[in-house]
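Produce the complete structure using the sequences and hints provided.
Be aware that the sequence shown starts at 29, since it is given in the working numbering, and climbs by one per residue.
Calculated from the structure, these hints are not laboratory results.
Hints may be right or wrong, so weigh each one.
Computed spacing ranges between beta-carbons, pair by pair [to be verified]:
#1 E180 - D365: 23 to 31 Å
#2 H290 - I220: 39 to 47 Å
#3 V356 - A321: 49 to 57 Å
#4 A384 - R347: 23 to 31 Å
#5 F278 - T100: 41 to 49 Å
#6 R305 - S257: 34 to 42 Å
#7 F278 - T119: 18 to 26 Å
#8 S160 - S257: 42 to 50 Å
By construction, the Cβ of each residue, glycine as well, lies at the ideal position given by its N, Cα and C atoms.
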Amino acid sequence: PPCYLPQPQDAIPVSESGHMGPIGPWATGRVDWGPLSGLTGTRPVVDKYSIARYSEGDWRAHNKEVLDMTNTEKHKANLIDWNGRQCLEQTQADVDKNQEDNTKRLNQRELEIHRWKCELERSISAASEEISFMEEQRRRLKQASSVLTLPESIAGECLERRTGRMDAELVRDEVEEELIKELALCAEIRDIFARTLKDIEIQLLEDKTAKQRLEFDWSDKTVSHEIDSINMALNNRSTILLFKPGAVIFPEEQSSTDYWEHFTRETLLEGEATRQRSVTLRGTLDAILINAARDLRTQADNVELALSKRIACTEEVTRTMENELKQVLRRLADVEDLLRDLRAAIRRMDAPMKKAQTRLDNRLLRPRVENCRDAPHFGPEAVAFSFFDDDVSFEIKEKMRQKMKEPECSEDFNDESDKEVHVIKKNIYKRSDLEEVGERDEFTSPKTKIFFSCFNIETSFLEKSPSEWDADEGYRRAKTIVEKIRVTNDTAERGVRLMEEYNDKLS
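Right, dumping it as structure tokens:
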């Protein structure tokens, strides 16, 4: 081995040294080099002239120890160097792989963000289009509401003008009902338009809110897409690379991937649902406008038809009344002529009236029992008053009733009754002349029954005994009619009175 390394003889014990003289390269005292020579206190006292402490073997052992330690450290350094280089290479490879993987993940994330951003863009475009459609429908509905005032004004003016009709023409006819129906229909349609307009405004607000939410999400995704695009384009030679302390922390408000996708899907679904509701409302509005136009057109046709019928009917009745008026005017002229003739006839009847009154006055001069109520004194028709005279006895009434029931009394009645009905009303009746006379049944004739026909008096009470007449309802009604019969003194005067009444009626 080299001289600076331990030698074989170093393991051999050293012989005792001789006495040391005063001169020599040794220290005084006895030197004993044992295995404990490295320990302090085991060495002999060193001479004051010497600094030697160790032996040559110790030196060589020390050299060996130092060299061995150096070799060990060099080996460790080599291991560290090799491990460091391997670690550097592995780390570089891992970093490159991680960067490549992260770039791929960023690319995938960018594509995913781009996909959702495109979905949001389509939804925003559809929402914008739907909002424009709804704005158009709102303008259309407002225009329809303003146009609705036209039929309302027409119907209202028609009703107002029809209130100016006079007297009997102020009727609630079919035209009136149709106009009222048209006003009610207009009011109902206006109410529907108002409610639909309110629904449209609410739906517009929902559409704009959904569109704003989509735009916010799209804006966030646009920023995220730009950031991820920049991150994907970065490399180790980029000039904008900087240390960012604290970049690896997780913020509290940071969301997860599942929630991010769920939020985007929910936003899209909510926007689509809002758009579908808007489309449905637009369809409903179209149906409302179509139905309203159809109903208004139908009602307008009904009003036109009712007006045409009413106008035709009014024109027809006007023509009829004009014709009737012409006839009435002609009849008035005829009646005026007849009145002149009747007044002339009245003046011509003075002599016959004087003759009849003179005869009656002369007959009143007959003495005592000769002054009787005989046939020349009154007509056979007036005998019927005796049935209702309380002063006439039941026996006379019974005889008169039996006389009325005889066949010859009713045989000729039907033949002459029709022509006598009009004549009897013109006879002279003096109620004061119908006093108790002789056998009144002698004056009973077929003409007596004409009295009952003239005044529409039922003769069912004649089937009973006169004593039962007061309890008979038909007799009481007949008696009431007889008591109300008016008395005139002259046939001509009665005719004139009738003509004057007729003339008043015509006028």
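Against the structure, the hints:
no., hint, in the structure
1, E180 - D365: 23 to 31 Å, "violated, 58 Å"
2, H290 - I220: 39 to 47 Å, "holds, 41 Å"
3, V356 - A321: 49 to 57 Å, "holds, 51 Å"
4, A384 - R347: 23 to 31 Å, "violated, 51 Å"
5, F278 - T100: 41 to 49 Å, "holds, 46 Å"
6, R305 - S257: 34 to 42 Å, "holds, 36 Å"
7, F278 - T119: 18 to 26 Å, "holds, 25 Å"
8, S160 - S257: 42 to 50 Å, "violated, 32 Å"
Violated hints, listed in ascending order, are 1, 4, 8; each of the other numbered hints is respected by the structure.
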